[in-house]
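Chemist: Sequence:
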Amino acid sequence: MHGSISARALRLLLVGLITLTLTACPAPGGGPAPVRLLTFPGTPELTFVQAIQGAQRRVLVTVYLLTDLRIVDALAAARAKGLEVRVLLEGNPYGATVAAQATLTRLQEAGIAVKAGNPAFRYTHQKSLITDDSAYILTNNLTRAAVQANREFGIVIEGTAEVSEIVGAFEADWARTPFAPANPRLIWSPLNSRSRLTGMIDAARTSLEIYAEVVQDDAIVAALGRAAQRGISTRVLIAPADAGSTAEGNGDVGVLLGAGVQVRVLRNPYAHAKVIIVDASSAFVGSQNLTFTSIERNRELGITIGDPGALRSLRATFEADWASVSAP
1 MHGSISARAL RLLLVGLITL TLTACPAPGG GPAPVRLLTF PGTPELTFVQ AIQGAQRRVL
61 VTVYLLTDLR IVDALAAARA KGLEVRVLLE GNPYGATVAA QATLTRLQEA GIAVKAGNPA
121 FRYTHQKSLI TDDSAYILTN NLTRAAVQAN REFGIVIEGT AEVSEIVGAF EADWARTPFA
181 PANPRLIWSP LNSRSRLTGM IDAARTSLEI YAEVVQDDAI VAALGRAAQR GISTRVLIAP
241 ADAGSTAEGN GDVGVLLGAG VQVRVLRNPY AHAKVIIVDA SSAFVGSQNL TFTSIERNRE
301 LGITIGDPGA LRSLRATFEA DWASVSAP
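In the numbering used here, the protein residues as written are 1 to 328.
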């Protein structure tokens, strides 16, 4: 018992140091704008509260679950200061409808403009925060569990075309109007996740490292199997089937193992992140689970990055998590 606790503490310390030392990841001249990587646990819990507190003009939130009252209170304080504060919130999250309605009521009582997600989608599962001209593209919900007990990541970008497109999507979903993505770095469900994610997997030449709460989509499973059969080192960290947080459970783990994909179950911290690292040179970070509904029916958002510092941090965290657990 004492050995396992100290090992976990050491792993969390390593992740925290990686996050702090590689938090700012500038690209070479002429490349994409710099990004900042958030890693949970490791990044300070109040990161999102502080971002909201620092806003001067606007705060726009799109999220599946919002139950952290520290964030709700920060939104209320921003609105009280006269900022534009709007929230798009999934109105019927799986297994958490009562909590969603309580948050909706609390936001409305604070005078915040809030809407349930666009009914055109099965779920509004996107997880993003806009503060002025900065965008936080997240794998996590805005809950205490997300930052305390889950493995989660976020990408922060500032003043870029990506931010403008995310704001445009927010306005379209708010108005219940169509949205057409154009930015090559952003990945949107239900619009282009299918082609972009399978394309990344098919393009791998040496390695794939993946965090996925669940894998249950025929095309994704087939693409991962093809990668393994090509001799690509294909490793997937998934959540335990008995966690009860997804209907699919462990999904198609048996099929993946049969195709030569290496799979391990990450319980502590709980594997909620959605990340695909390709050849140690690019990565997807976003809200998309590797399921049919997430890819084809939900509103989801992710981003591709090629930032060397962020990639080193992502891979170091993956390797630490991989080494800490065994096969299912």
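Keep in mind that the hints were calculated from the coordinates and are not lab data.
We put the beta carbon where it would ideally sit given N, CA and C, even for glycine.
Worth double-checking, as some hints may not be accurate.
[Claimed, not checked] The calculated lysine to any residue pairs, modelled on SDA-like cross-linking and capped at a C-alpha distance of 25 Å, are:
1. Lys115 / Ser207
2. Lys115 / Val49
3. Lys81 / Gln53
4. Lys81 / Gln50
5. Lys81 / Asp133
6. Lys81 / Gly111
[Stated by the list, open to error] Distance windows between CB atoms, simulated:
7. Ala33 / Thr206: 48 to 56 Å
8. Arg312 / Glu84: 33 to 41 Å
9. Gln262 / Ala77: 40 to 48 Å
Chemist: Indicate, hint by hint, whether the structure satisfies it.
Modeler: Each hint, compared with the structure:
no.: 1; hint: Lys115 / Ser207; in the structure: 41 Å, violated
no.: 2; hint: Lys115 / Val49; in the structure: 21 Å, holds
no.: 3; hint: Lys81 / Gln53; in the structure: 10 Å, holds
no.: 4; hint: Lys81 / Gln50; in the structure: 15 Å, holds
no.: 5; hint: Lys81 / Asp133; in the structure: 18 Å, holds
no.: 6; hint: Lys81 / Gly111; in the structure: 12 Å, holds
no.: 7; hint: Ala33 / Thr206: 48 to 56 Å; in the structure: 27 Å, violated
no.: 8; hint: Arg312 / Glu84: 33 to 41 Å; in the structure: 37 Å, holds
no.: 9; hint: Gln262 / Ala77: 40 to 48 Å; in the structure: 47 Å, holds
Taken one by one, the earlier hints fail for this structure at numbers 1 and 7, listed in ascending order.
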